[in-house]
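Given chain A, put chains B, C and D in place with the hints provided.
Number of protein chains: 4
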Amino acid sequence: MGSGMVRNLLRAGHAVVVFNRSRDKAEALVADGVRIADSPGGACRESEAVMTMVADDRAVEQIVFGENAIASALPAGAIHISCSTIGTALARRLAAEHQRRGQKYLSAPVFGRPEAAESKNLLVVAAGPPELVERCGPLFDAIGRQTFVVGSDPSQANAAKLCGNFMIAAMLEAFGEAFATLRKAGVPPHAFLEVMSTLFGSPVYANYGRLVADEKFEPAGFALRLGLKDVRLLLETADEFAAPMPLASLIRDHLLSAMAHGQADLDWSSVTRVAARSAGVE
Amino acid sequence: MGSGMVRNLLRAGHAVVVFNRSRDKAEALVADGVRIADSPGGACRESEAVMTMVADDRAVEQIVFGENAIASALPAGAIHISCSTIGTALARRLAAEHQRRGQKYLSAPVFGRPEAAESKNLLVVAAGPPELVERCGPLFDAIGRQTFVVGSDPSQANAAKLCGNFMIAAMLEAFGEAFATLRKAGVPPHAFLEVMSTLFGSPVYANYGRLVADEKFEPAGFALRLGLKDVRLLLETADEFAAPMPLASLIRDHLLSAMAHGQADLDWSSVTRVAARSAGVE
Amino acid sequence: MGSGMVRNLLRAGHAVVVFNRSRDKAEALVADGVRIADSPGGACRESEAVMTMVADDRAVEQIVFGENAIASALPAGAIHISCSTIGTALARRLAAEHQRRGQKYLSAPVFGRPEAAESKNLLVVAAGPPELVERCGPLFDAIGRQTFVVGSDPSQANAAKLCGNFMIAAMLEAFGEAFATLRKAGVPPHAFLEVMSTLFGSPVYANYGRLVADEKFEPAGFALRLGLKDVRLLLETADEFAAPMPLASLIRDHLLSAMAHGQADLDWSSVTRVAARSAGVE
Amino acid sequence: MGSGMVRNLLRAGHAVVVFNRSRDKAEALVADGVRIADSPGGACRESEAVMTMVADDRAVEQIVFGENAIASALPAGAIHISCSTIGTALARRLAAEHQRRGQKYLSAPVFGRPEAAESKNLLVVAAGPPELVERCGPLFDAIGRQTFVVGSDPSQANAAKLCGNFMIAAMLEAFGEAFATLRKAGVPPHAFLEVMSTLFGSPVYANYGRLVADEKFEPAGFALRLGLKDVRLLLETADEFAAPMPLASLIRDHLLSAMAHGQADLDWSSVTRVAARSAGVE
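Chains as they are written, first to last, in the working numbering: chain A, 1 to 282; chain B, 1 to 282; chain C, 1 to 282; chain D, 1 to 282.
Quick caveat, the hints were computed from the structure, so don't treat them as lab data.
Since the model is a prediction, treat every value here as computed from it, not as a measurement.
Please note that the accuracy of each hint is not assured.
[Unchecked claim] Cross-link-like lysine to aspartate or glutamate pairs, in silico, DMTMM-like; alpha carbons within 25 Å at most: (1) B/Lys184 <-> A/Asp153; (2) C/Lys184 <-> D/Asp153; (3) C/Lys229 <-> B/Asp57; (4) A/Lys184 <-> C/Glu236; (5) B/Lys184 <-> D/Asp265; (6) B/Lys184 <-> A/Glu97; (7) D/Lys184 <-> C/Glu236; (8) B/Lys229 <-> C/Asp57.
[Claimed, not checked] Distance windows between CB atoms, simulated: (9) D/Lys216 <-> B/Pro114: 45 to 55 Å; (10) D/Glu97 <-> A/Ala96: 23 to 33 Å; (11) A/Ala76 <-> B/Glu115: 57 to 67 Å; (12) A/Glu236 <-> D/Gly66: 18 to 28 Å; (13) B/Ser72 <-> D/His190: 51 to 61 Å; (14) C/Gly77 <-> D/Arg210: 35 to 45 Å; (15) D/Ser22 <-> C/Ser119: 53 to 63 Å; (16) C/Glu215 <-> A/Glu215: 29 to 39 Å; (17) A/Glu215 <-> B/Asp214: 32 to 42 Å; (18) B/Glu236 <-> D/Glu236: 34 to 44 Å; (19) D/Val204 <-> C/Asp32: 33 to 43 Å; (20) C/Arg145 <-> D/Gly102: 55 to 65 Å; (21) B/Ser39 <-> C/Asp32: 56 to 66 Å.
[Unchecked claim] Over the 10 Å line for every Cβ pair with chain B, so calculated as not near, a few chain A residues: (22) Gly2; (23) Ser3; (24) Gly13; (25) Leu29; (26) Arg35; (27) Gln62; (28) Gly102; (29) Pro114; (30) Ser119; (31) Leu132; (32) Asp141; (33) Glu218; (34) Arg225.
Think of the CB as a built atom: it goes at the ideal place given N, C-alpha and C, for glycine as much as any other residue.
Just chain A, with the same shape it has in the complex:
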């Protein structure tokens, strides 16, 4: 994800310093004009803004609160923009800790796969103090196709992103159950998929539906264990607000069953296998 975002920032005329855990991925960007830093802190010590895009909450905590990390290096008044899909609790902690240090914080998670990052087709979901969001508008415009501002509290963007992933997971679960029943009724998945692609008129249905109908779960566009991570984070947020999400719970349970059957590194659309197994048609 990061490479595409960086290249689009460069194209928009921004000076970019990059830190990546595996340095060779960063090196590949030198030709494009970035400077490489040896630590997260080194990457933002003289920056107006730092964007973070890493795998999970733990990784964010390390690069922000660890050694030679962002919190201790980012200049006062500079902005940390977190683009990773993280939990609302961590977003609130980031906001509080940056404020304590005189720094600024925004959440701006994105929808889109690496290809979308490369082609500037990400959807950016931003939240934070309005003047700050506006100030960062050019950065969002540089990396994405469209920016949506969903609230003035940064964690609201994270809640919205988690809910968006949940909407996709709900579609997958529905496909899984429909395909399982239809297979037992003698209707081929591809025949049903064609109807659904036309009915919904959505590339998301067409693309994910094809993965499932083809049972093509490798290579993983989005690994199942990461999908589980996101559903866990959503359920934590829902718990925090005392909002029951029974469908999210159902999805979590099916993702866990998939984990128990060795699907951690398959694409998360393979959660559909759980419904198939349950109906005895795997």
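For chains B, C and D alone, kept in the frame of chain A given last:
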């Protein structure tokens, strides 16, 4: 639904005899060139094919097996095309009974609201013996935008139609849970809807999502009690094939809760109120 | 079940005429003093009361409304007591049809396995017009350990019986999930069972828990397909009253998954295998 | 809980030093012969064993790893016995940290309310190295009616305790759904409860069933928010082992709905109100 379908059949050059329980609706079509019959049997006594489009299984049973009804009037060799959303068990019974009488039978349920029927934008999901489906192709072309053939057993089209409605219901349930959590997190439904409309790029998400965000459940495009009827039929089909559909079960339970709260005649997208009530944000 | 009930009726001094589909089972009771009839109708043509105890709704319909059956033979004023576990809809139909014929009707389903029927340890759950229930008291006392009157509408006894079976199924599902998790955590099922037997102090927990911990599902005390039948009937009753029962839905889905994995004729406590399979520990 | 346990330890001849956050509760035990300490560390500095019984994981962490706390005060070779209902992750951390310090650790959570603690009727579920469990046997005998050893890894006792609470919650959920449907069918909860009390022959069913039938949720024997805490911990354990527990998820969602409707401090049996509300019969 029927009016639009009839007008499009006339436009395609077919001679149409109409029977409708409330005769005045049928009368309105006389100017368009139809002949009116006094009974279902009267409408098909001299026809090559009869299309039925009624509310539910019971209504189909009445017009097919009741007095002056289709089964006793349809000429041998003529075809009954059932376009209603009915159960797979009834479809199998129709196929068997028509065969016993030397008649033919196809299932061809449709996706689309009355406006789509009027504008020839229905999606037709057909199943039955291939030569029969081919022979009826011109009728499907006359009423719909696209025809999908999903199997050679008529009931397979009914299974596919029920699963299609289930896919929509799954989307509604997901919207309901996401909106409830996001409202408690301070994210307005419309803000999230905008992201989802763009992410999925689907008019179904945009249109239903707007109904839900606006909480505009009257007049009902599709009454909740009819949605419940369809989910019941799907669960019967799933039961028959020993295919568990936990998400369909969850939707059924939420539709029942909606019934218990007086929402039978609201649009079925009002099932989203159940998640809201459960989270205490109605 | 029937044999034990008949013997206890004889012991209490009642004259009994028996009809059983497989006549040899009835023959075995001749030595005990029963008279054998050739049809359900023959068994009750001169009786004050007829008790029916058969497998399911369809069987009740046959012996009541079929040829040489109860409805046409039972004398006016005589009572039909249905002891089978049937649905509330059928109970209401029985009440209405008997009334139309000047006959009486009570529902009196029972809890207990064949051994309990033999040893007069059944629990009788009765409902119907109070004076009628009272009049039949001696019959209930003859076959069971205790009689519970739960309402004045016969179908209420059926609703209560179905809910009682549901309570047992809920316990089984809970055992299944707990055992699956604990096995993965290294706690042997028998160790946990011992705690639960003591905590609940219930023979139902001890006995069913042992079946599950031992994975001893044959011979079936109560076949899984019959358990599924009862949960289906309960969900129909719940639907009729617009009362969502998500746990009953969950159990239905797990029973269906068990059916899909060939467990129809195992004891219904084998539904616990579904949780085990889902966790990958079967 | 603590008072009863302390008094029974004294009765068994043990010397007891007590620390309690609200000192007055500890003072009340002075007459019984305890010595009072000013800190958790002070309570165990010269002890062979320290038993902890507090509200939740956080409280355990404070009294073990906080200032003047147990980890830094307990003599090498002495044993920490955690009797609280805590998560398996914390149990593993406690085991590791005590080992690092040359101390011993056992998990021994208990079933039973304060009255049971007082009357020495607790059920003790213990796990840990066998020789250690045996050495602590006299302490378990002093406080409880019966001790169950479920494994050699301390966290296994915590998993078993969480599963035991889940079994009770499953019973509550089943009661809630059955009562809701039966009320709509006209069967009074108390009538059904009488059947269930006899069928299961369990004081747990009789006692909890009465609370629910009477809708007597105050004062709380066990607050709903604590029940939710335990289900959360169970789901974390289940997640850790990739074991889906859909019934536990359902219970969590219903407890969350209860929280959203202001039931945090009612008895957790009030979770049954969620099914009632959902059916429109609250």
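Now for the hints, and whether the structure bears them out:
{"no.": "1", "hint": "B/Lys184 <-> A/Asp153", "result": "holds (13 Å)"}
{"no.": "2", "hint": "C/Lys184 <-> D/Asp153", "result": "holds (13 Å)"}
{"no.": "3", "hint": "C/Lys229 <-> B/Asp57", "result": "holds (22 Å)"}
{"no.": "4", "hint": "A/Lys184 <-> C/Glu236", "result": "holds (24 Å)"}
{"no.": "5", "hint": "B/Lys184 <-> D/Asp265", "result": "holds (21 Å)"}
{"no.": "6", "hint": "B/Lys184 <-> A/Glu97", "result": "holds (24 Å)"}
{"no.": "7", "hint": "D/Lys184 <-> C/Glu236", "result": "holds (13 Å)"}
{"no.": "8", "hint": "B/Lys229 <-> C/Asp57", "result": "holds (23 Å)"}
{"no.": "9", "hint": "D/Lys216 <-> B/Pro114: 45 to 55 Å", "result": "holds (53 Å)"}
{"no.": "10", "hint": "D/Glu97 <-> A/Ala96: 23 to 33 Å", "result": "holds (28 Å)"}
{"no.": "11", "hint": "A/Ala76 <-> B/Glu115: 57 to 67 Å", "result": "holds (59 Å)"}
{"no.": "12", "hint": "A/Glu236 <-> D/Gly66: 18 to 28 Å", "result": "holds (25 Å)"}
{"no.": "13", "hint": "B/Ser72 <-> D/His190: 51 to 61 Å", "result": "holds (55 Å)"}
{"no.": "14", "hint": "C/Gly77 <-> D/Arg210: 35 to 45 Å", "result": "holds (41 Å)"}
{"no.": "15", "hint": "D/Ser22 <-> C/Ser119: 53 to 63 Å", "result": "holds (56 Å)"}
{"no.": "16", "hint": "C/Glu215 <-> A/Glu215: 29 to 39 Å", "result": "holds (32 Å)"}
{"no.": "17", "hint": "A/Glu215 <-> B/Asp214: 32 to 42 Å", "result": "holds (39 Å)"}
{"no.": "18", "hint": "B/Glu236 <-> D/Glu236: 34 to 44 Å", "result": "holds (38 Å)"}
{"no.": "19", "hint": "D/Val204 <-> C/Asp32: 33 to 43 Å", "result": "holds (40 Å)"}
{"no.": "20", "hint": "C/Arg145 <-> D/Gly102: 55 to 65 Å", "result": "holds (60 Å)"}
{"no.": "21", "hint": "B/Ser39 <-> C/Asp32: 56 to 66 Å", "result": "holds (60 Å)"}
{"no.": "22", "hint": "Gly2", "result": "holds (21 Å)"}
{"no.": "23", "hint": "Ser3", "result": "holds (22 Å)"}
{"no.": "24", "hint": "Gly13", "result": "holds (26 Å)"}
{"no.": "25", "hint": "Leu29", "result": "holds (28 Å)"}
{"no.": "26", "hint": "Arg35", "result": "holds (34 Å)"}
{"no.": "27", "hint": "Gln62", "result": "holds (26 Å)"}
{"no.": "28", "hint": "Gly102", "result": "holds (25 Å)"}
{"no.": "29", "hint": "Pro114", "result": "holds (17 Å)"}
{"no.": "30", "hint": "Ser119", "result": "holds (16 Å)"}
{"no.": "31", "hint": "Leu132", "result": "holds (17 Å)"}
{"no.": "32", "hint": "Asp141", "result": "holds (15 Å)"}
{"no.": "33", "hint": "Glu218", "result": "holds (24 Å)"}
{"no.": "34", "hint": "Arg225", "result": "holds (22 Å)"}
Going down the numbered hints, you'll see the structure goes against none, and every one checks out.
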